[in-house]
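Participant: The sequence shown runs 1 to 208 under full-length UniProt numbering.
Check each hint, because a few of them may be wrong.
[Said to hold, decoys possible] Derived CB-CB ranges, DEER-like: (1) G163 with T74: 12 to 22 Å; (2) G167 with A136: 31 to 41 Å; (3) E42 with R143: 35 to 45 Å; (4) R159 with A136: 12 to 22 Å; (5) A62 with G167: 33 to 43 Å; (6) G176 with G63: 38 to 48 Å; (7) E201 with S35: 29 to 39 Å.
No lab work stands behind these hints, which were simulated from the structure alone.
Ideal Cβ positions, reconstructed from N, Cα and C, are used throughout, including at glycine.
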Amino acid sequence: MRITVFGATGRTGVPFVRRALDAGHEVVAHARTPSKLPFSDERLVVVEGDVYTGEGVAEAIAGADAVVSLLGQTGDGPDDLLTVAGDHVTGAMAEHGVTRYVTLVGAGVREAGESPSLSGKVMGTLLRLVAKEVLADAEEHVRRVRATDLEWTVVRAPRLVDGDASGYRAGDIDLGFESVARADVAAFCLDCVEDDLHVREMPKVGPA
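Go ahead and model the full structure; you've got the sequences and the hints to work with.
Facilitator: Below you can see the structure in the form of structure tokens.
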């Protein structure tokens, strides 16, 4: 399988790329700074570009079987990163006839009618107080993705931490103040791609 990855040099992107290569897939890593990828492989193709401006996006997506977005907000990044980048990605997917899309957002993004746990409600309130723009960007990105004809999956994760994969649970689960290893999130995203899990669903992923 040929998988295009956006956010490939990030702290979740790197373990995803490594895991996908170890599984025998061909990976196209779109990166603003390719030198940040800590390894090379004969099945790894790096496309330099900027997903926020759209540079290199179509080139990276052409010929892909699936696209995975592991982009994350940073303190000095644009407030609408996920929304704008997502539009570039989904537009290029439509142009090249690629339908499978997995994108990662925070667990603070809710589905209509969803009833989070008490701790989840508290976390959601805190996010709206301290990271209002980040949450609004993720919510708008998800709204636009859901409006497409793509075979999308929106993966929702709580606070991400570094460390080795130790197993995850995913689906319609309660999440609150817990954290999950980025390596486990990477594993779940790859499982969604490989096994066509949670198509047009918004599963949550947390520690096992």
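Participant: Does the Cβ distance between G176 and G63 fall inside 38 to 48 Å?
Facilitator: holds (41 Å)
Participant: Given the hint of 12 to 22 Å, check if R159 and A136 actually sit that far apart at their C-beta atoms.
Facilitator: holds (19 Å)
Participant: Measuring from beta carbon to beta carbon, are E42 and R143 in 35 to 45 Å?
Facilitator: holds (39 Å)
Participant: Do the Cβ positions of G167 and A136 conform to the proposed distance bound of 31 to 41 Å?
Facilitator: holds (32 Å)
Participant: If I claimed the Cβ atoms of E201 and S35 lie 29 to 39 Å apart, would that claim hold in this structure?
Facilitator: holds (36 Å)
Participant: Quick one: are A62 and G167 within 33 to 43 Å, going by C-beta?
Facilitator: With a Cβ separation near 35 Å, A62 and G167 satisfy 33 to 43 Å, so the hint holds.
Participant: Using the beta carbons of G163 and T74, state whether their distance is inside 12 to 22 Å or not.
Facilitator: holds (20 Å)
Checked against the numbered hints given earlier, this structure breaks none of them.
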